[in-house]
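Asks: Residues per chain, in single letters:
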Amino acid sequence: GAVVSQHPSWVICKSGTSVKIECRSLDFQATTMFWYRQFPKQSLMLMATSNEGSKATYEQGVEKDKFLINHASLTLSTLTVTSAHPEDSSFYICSAPHWGADTQYFGPGTRLTVL
Amino acid sequence: QQQVKQSPQSLIVQKGGISIINCAYENTAFDYFPWYQQFPGKGPALLIAIRPDVSEKKEGRFTISFNKSAKQFSLHIMDSQPGDSATYFCAASTSTSGTYKYIFGTGTRLKVLA
Numbered sequence: 680g681a682v683v684s685q686h687p688s689w690v691i692c693k694s695g696t697s698v699k700i701e702c703r704s705l706d707f708q709a710t711t712m713f714w715y716r717q718f719p720k721q722s723l724m725l726m727a728t729s730n731e732g733s734k735a736t737y738e739q740g741v742e743k744d745k746f747l748i749n750h751a752s753l754t755l756s757t758l759t760v761t762s763a764h765p766e767d768s769s770f771y772i773c774s775a776p777h778w779g780a781d782t783q784y785f786g787p788g789t790r791l792t793v794l
Numbered sequence: 002q003q004q005v006k007q008s009p010q011s012l013i014v015q016k017g018g019i020s021i022i023n024c025a026y027e028n029t030a031f032d033y034f035p036w037y038q039q040f041p042g043k044g045p046a047l048l049i050a051i052r053p054d055v056s057e058k059k060e061g062r063f064t065i066s067f068n069k070s071a072k073q074f075s076l077h078i079m080d081s082q083p084g085d086s087a088t089y090f091c092a093a094s095t096s097t098s099g100t101y102k103y104i105f106g107t108g109t110r111l112k113v114l115a
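First to last, the sequence lines map onto chains A and B. Sequential numbering of the first sequence, starting at 680, is according to my numbering. Sequential numbering of the second sequence, starting at 2, is according to my numbering.
Everything labelled a hint here was simulated from the structure, so no lab data went into it. The beta-carbon is built from N, C-alpha and C at its ideal position, and this holds for glycine as well. Careful: at least some of the hints might be erroneous.
Said to hold, decoys possible - With the C-beta cut set under 7 Å, the calculated list includes, among others, these residues of chain B facing chain A:
no., residue
1, Ala30
2, Leu47
3, Tyr101
Work the whole structure out from these sequences, hints included.
Replies: Listed below in structure tokens is the structure:
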């Protein structure tokens, strides 16, 4: 199957700082990528749809100024958590649908801990 | 109408047994139903997927059964192994929307006893 990578795999930061998470499709191009958030023992919650060359589409209740998304190329989307606070601590996962297919391939996730 | 209801929340099965996880949906526009397996601290990995034009799909020990009229689909894991212990998520999407957005079930934590 197609490969999606994320970097970093885990990050610890101080409250008030910003953290950038990268999502890359390694062997295919992705005009669309998705960002999810997952709390322990819970399902994946879709935060936003990242669109190459245009603005991201955020789900209801997700602060777009808090979670900045940039999809600068066909293989890279970034999620920046701005002015992070302890309540932003979570597992962030990206995914990308293989071009022309319904299947989404997920990255390995990024564990964010805000102190 | 956009929800996908998944049950059970947790499941314990003996090694060699059959694990069965069920999902139900309301939106008849859904036309793609994947199942994902997730280990702790990892991203979900695609197991198997089905479209409404078939009632069953089998890949190795994993089988999806699909009942279009009942709007239900289930995952069967045959000869369950301790290595299958993970959380399983069903999902549904509408290909015609062109967005490929998934609606996920709430997940089932499977534990297979050795």
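Asks: Does each hint hold? Answer for all of them.
Replies: Going through the hints against the structure:
1. A hinted interface residue such as alanine 30/B counts as satisfied when its beta carbon comes closer than 7 Å to some beta carbon of chain A; here the least separation is about 13 Å, so the hint is violated.
2. Look at leucine 47/B: its Cβ gets to within about 6 Å of chain A, closer than 7 Å, so that hint holds up.
3. At its closest, the beta carbon of tyrosine 101/B sits 4 Å from a beta carbon of chain A; the interface hint therefore holds under the 7 Å criterion.
Against the hints set out earlier in the document, a violation occurs for number 1 only.
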